[in-house]
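*Asks:* Going down the list, the sequences are from chains X and L.
Residue numbers for the first sequence follow my numbering, beginning at 3 and rising by one.
Residue numbers for the second sequence follow my numbering, beginning at 3 and rising by one.
No lab work stands behind these hints: they were computed from the structure.
Just so you know, even glycine gets a beta-carbon here, dropped at the ideal spot from N, CA and C.
Don't take each hint at face value.
Said to hold, decoys possible - Covered by chain X, per the in silico footprint, the following chain L stretches (three or more residues, Cβ under 8 Å):
id, segment
1, 193–201
2, 327–333
3, 601–615
4, 659–666
2 protein chains.
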Amino acid sequence: MKPTKLAKSLFEPDRVALIGASSDLSKPNGRPLKYLLKHGYGGTIYPVNPRTDAIGGVPCFPNIESCPAPVDHAFIMLSADAVPDAVRDCAAAGVACATVLAGGFSEAGEAGRARQADLVELARSAGIRLLGPNSIGLMNPARGLALSANAMLELPTLSTGGAAVVSQSGSLIGALLSHGEARDVGFSKLISVGNEADLTVGEIGDLLVDDPVTDVILLFLETLRDRDRLATFARNAHKAGKPVIAYRVGRTGAGQALAQSHTGSLASSDKVLATFLAHHGIAEVSMFDSLIEAPRLFAGRRPSPKQKGGVAIVTTTGGGGAMVVDNLAHRRIDVSPVPATVIDRLREHGVISGGGLVDLTMAGAKPEVVRGVISDLMATPEINAVAMVVGSSARFHPDLAVDPLLDWAGADKPLAVYLVPDAEESLHRLARGGVPVFRTPEACADALSSLLRWQAPVDPVAPGSLPGISSEAPSLTESGALKAISELGIAVAPSDVAHNAEEAGRIAAQIGFPVAIKIASADIAHKSEVGGVQLNLRDSAEASHAYETIMESVASIAPDARIEGALVQGMVSGLAEVILGYKRDLAAGPFVMVGAGGVLAELYDDTSVRVAPVSPDVAREMIEEVVGLAPIRGYRGLPLGDLASLTEAIVALSTLAGDERIAEAEINPLVVGDVGEGVVAADALIIFDTSGARED
Amino acid sequence: MKPTKLAKSLFEPDRVALIGASSDLSKPNGRPLKYLLKHGYGGTIYPVNPRTDAIGGVPCFPNIESCPAPVDHAFIMLSADAVPDAVRDCAAAGVACATVLAGGFSEAGEAGRARQADLVELARSAGIRLLGPNSIGLMNPARGLALSANAMLELPTLSTGGAAVVSQSGSLIGALLSHGEARDVGFSKLISVGNEADLTVGEIGDLLVDDPVTDVILLFLETLRDRDRLATFARNAHKAGKPVIAYRVGRTGAGQALAQSHTGSLASSDKVLATFLAHHGIAEVSMFDSLIEAPRLFAGRRPSPKQKGGVAIVTTTGGGGAMVVDNLAHRRIDVSPVPATVIDRLREHGVISGGGLVDLTMAGAKPEVVRGVISDLMATPEINAVAMVVGSSARFHPDLAVDPLLDWAGADKPLAVYLVPDAEESLHRLARGGVPVFRTPEACADALSSLLRWQAPVDPVAPGSLPGISSEAPSLTESGALKAISELGIAVAPSDVAHNAEEAGRIAAQIGFPVAIKIASADIAHKSEVGGVQLNLRDSAEASHAYETIMESVASIAPDARIEGALVQGMVSGLAEVILGYKRDLAAGPFVMVGAGGVLAELYDDTSVRVAPVSPDVAREMIEEVVGLAPIRGYRGLPLGDLASLTEAIVALSTLAGDERIAEAEINPLVVGDVGEGVVAADALIIFDTSGARED
């Protein structure tokens, strides 16, 4: 496939300009020239610097217009103030794309954001594409295109290979380069995307999907900037059979706060981002080593169908095997029992094996035994992958210890190898032979777990019909929210708003006792805290009296609140209380959440989250994931809840994704009855987006 | 200090015998001779082999008696069957200690256990100490004592240093040796303890506490065999100021099952073993890399007092720093805010810093800036440790990037360094300079977290007075258990056993309504499952009727159970229900447990565990640790529970540790009232040890 114009100018430019190139090649602005020369870039380099005629023997030009031939890609290394003019000049000179090194844009406060917006507008109107700003540049090792100020380009040579790196951190592309070199992981492209003002991770990812020499795409993520483009790219990668593997920083509260201050972007919660990536078929690893070592495990593979089964472990050291068992089990990956075929085979060698591990220590780990055992394991349907743990023989007898393993490079089922001792020669033999090899039991288990959990992108679900909601106030009152929830097809407790004590008694009698009465005011979010709730009222007199008590309390505690009246609601009971939530994350979009109700579930943060809207199958999966819902799933013989109705309610709430005005919605509690008795919403909340960040 | 006779014969023998030495030096039985020669053992080697005169130029002897001078240490490499005679001969020849290589003992079923017991008895009566059986041997690199068949001794040289390794896995000592060599971690001793038939981890650890060249002791553990000896050693190590750092396999269910089948030992739960180690002042790391990289961080340090504060992070790469932040936060270690001193200092260099990270990228990371910033951080009281994250400069400018860090080797507060790129030269400079250096953000955070959580051994607590309990049945009835609990000083719900329906009504009236009635039978553990429980009985007639209903149901469902009658008990209510447990773990000894009551707490496995008995301070800590007890600790303004009474109840239950007959005890629920209202046990269970494994 012929590269697009953008791909060509980014990755395979015939002529590059280095705008602001320093004549001191050791300075950051001097490095790109040095690195391009060092790594044998085959195209033409035009350093642009009005104060000198040549740098390092390469003729210099005073400006982009004076370059003798059209430039494909300009690396602008000027200060932030000088960038707009340079971009304008590049566009005028017909440059297709420019990489901007300078920081001081969206990561640098309000003024920086404005400066970036101006820059983007300028580039769009001038018809030039931008990488960055705040990008350290990019590399295409096969072409010697070391178009970057990253100091790791001091490396004597750049290994080439099928892994492409797209990184929101500029320094990390250097770290990946150095670790890849030490472990025979070569790269097809490495791109520092900086602030993604124009070209985003998603658009660059799409170029890599079309790149014939890229077979795995690695993402180092600090934030999420353009979810739609990222989602499209992920789905395209899936169609093209190219695995996408992400490592994220900001997976903890402290990390998120840091990412936010570092990138100037919105911080989404770990759960939301992990859910978003999984939804679109992006695998995620949780260790930095895995990002370096996993590509060989993923290359050429497809996401797993949801399947039973586990990992079989073969070892020549009991202690080393045990470390992998522990690390897999810790990540809730099953360790496969040793199949009968293997037990029989080992018995021939006088070894009694069993339990969770094929321990070849006593069989002497001869190559023919290892080959036979792995063949047997690969042929066992319940085994999804094999982990081979190699002891001291990896250090001194790589020929015997690891060469037999090369047979399984690219086999249908993955073989992952963990070398227990420090064993460089074996590491290189396996890596060069295309066998995934790991230096730690943790990274081995992390990468295997990531591979086995990896799922295809979830099929999009169309939002159904939506209730007509007026969003004049910042949120709906409880009665308004319950009405909207009811229009979604979720049963709600019978209720009506009373405007005086007498009416409260009358409505209560119509609904039937016992009832609850709750203050109705769009200004009061936490009704209990203002004495605004009375429960278990057993007759009209109690209801009327409760109305008065509530009004007195609210008038005293929240005198400024606008009061609509009080909601009189039938009390509902069932097997369990559930919380259903909906949220439109500013960065990652709409999500639906289910959790067990009550204070304990809140303390344990026991919820399941998915991108909204969801299908009934996904809603059912969510119910399974919530530990605290075990009682209504039949735990210890307890009565089953109406999970079919709960599933429908989750699906229904998730369709709110079709209404971009809604920032948040919550049903708490949703009371779940016995099988056949349905679910009933007893309280609800709908909040509109007033951030101004809405995309409509 | 002069070594004891045992230490000398184990670690510094003048003469060693290799019993069963093979004349083929490549065979396992030939290797020790090869390795002793290769690594320059300065003592005398007597290979013992009746079929040859010399091996590798070293004169051979037909048996131990014929060796020309007294042997300090014999390495017995014969098959299991031949071991007893060899041990007997060694003892007769005055050998102080023998290491036994052969397996086939306690790790090999019933016959193996008997064989091991015989071997131990033989050794004790003959007055010879044993390492193993199933030991791959031991090493003292400084003396060239490579008395082992571990193939890693093929290494050209053995580095020496202050870290001693005591390992239940033989192969892992080789892995540690190879990784230590690659990272400049030298070892004082490496000992494979095998089955610990005679010399246990604890006794060997004690020898290392007295070893002048050992400064940190590393344990690779698969099981726990002699808790008292291990505890004594750990406390001695604490007194001597030598940190003990453990890595355990078997931290998951799958791992425990494996460890049990692999070692033939008892498997204790992860929580119990982690608690045991922490109780005795042993630090624990959770990654294998940390075991290799942490010793330099721990050497010369004392356990932390319980303190506020966190880790300050300095970085020359934003992305690299963020990875350390995430990994620390994931382990619940606080990241310290940047102090004002550092903000001022950086402002002088035109850098605005803040948030959770001192990012020196823009300050150019000049040595004087790095030195100044680290000095400021070390001088900040709220900062407990500093992590320095070094980017690409670590690869190409070790002199600038890491030499300034050498100033803090052994500083009062620890400095840990994470090198983001692959940077061997910097790694070696730091390691040789005594600065803790890490290759991954995960191991850096794991080791720091282990250091900051590390606590001194807990002071022993004397068990108080115990109830007089008769242990004729396998367990006590509920009334018997409640009586025993009451004698411990814990209030119990008023109750008495009724023997007929009329008596049930009368007792109920005496107690006061409402009451519960529960079947009283030592044969029925799960009373609800046989229809043996009726609650909320409001008068004598209801109570009498409930008695009859219960008896009918039990007679039909459990006709063979011996029935004592039915327990009539006052219903108690309070703010929360708690579960208190006590268990004597067969390997790790007595523990006390507290958790929130009810099915959700059980599902979330939300409990706090300590070695019993506990002090009131420790009991209070336990209450703080249980997430589900937040509501009675004042969460969201909810009413406080009587935590003082709960503390007393935990302390009281934990004194059951004084009665070795008791295997398990449980109060479920213990009802916690408002402050001042106390706690009341509503159900209790006491089970005696019938395993025959009791040590009395």
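*Asks:* Now tell me, hint by hint, if it's right for this structure.
*Replies:* Hints, verified against the model:
1. 193–201: violated (count 0)
2. 327–333: Coverage by chain X holds for the segment 327–333 of chain L (5 residues, Cβ < 8 Å).
3. 601–615: This one holds; 6 residues, not fewer than the three required, reach chain X with a Cβ under 8 Å.
4. 659–666: It is violated, with 0 qualifying residues against the three required.
Of the numbered hints given earlier, the model fails hints 1 and 4; all others are met.
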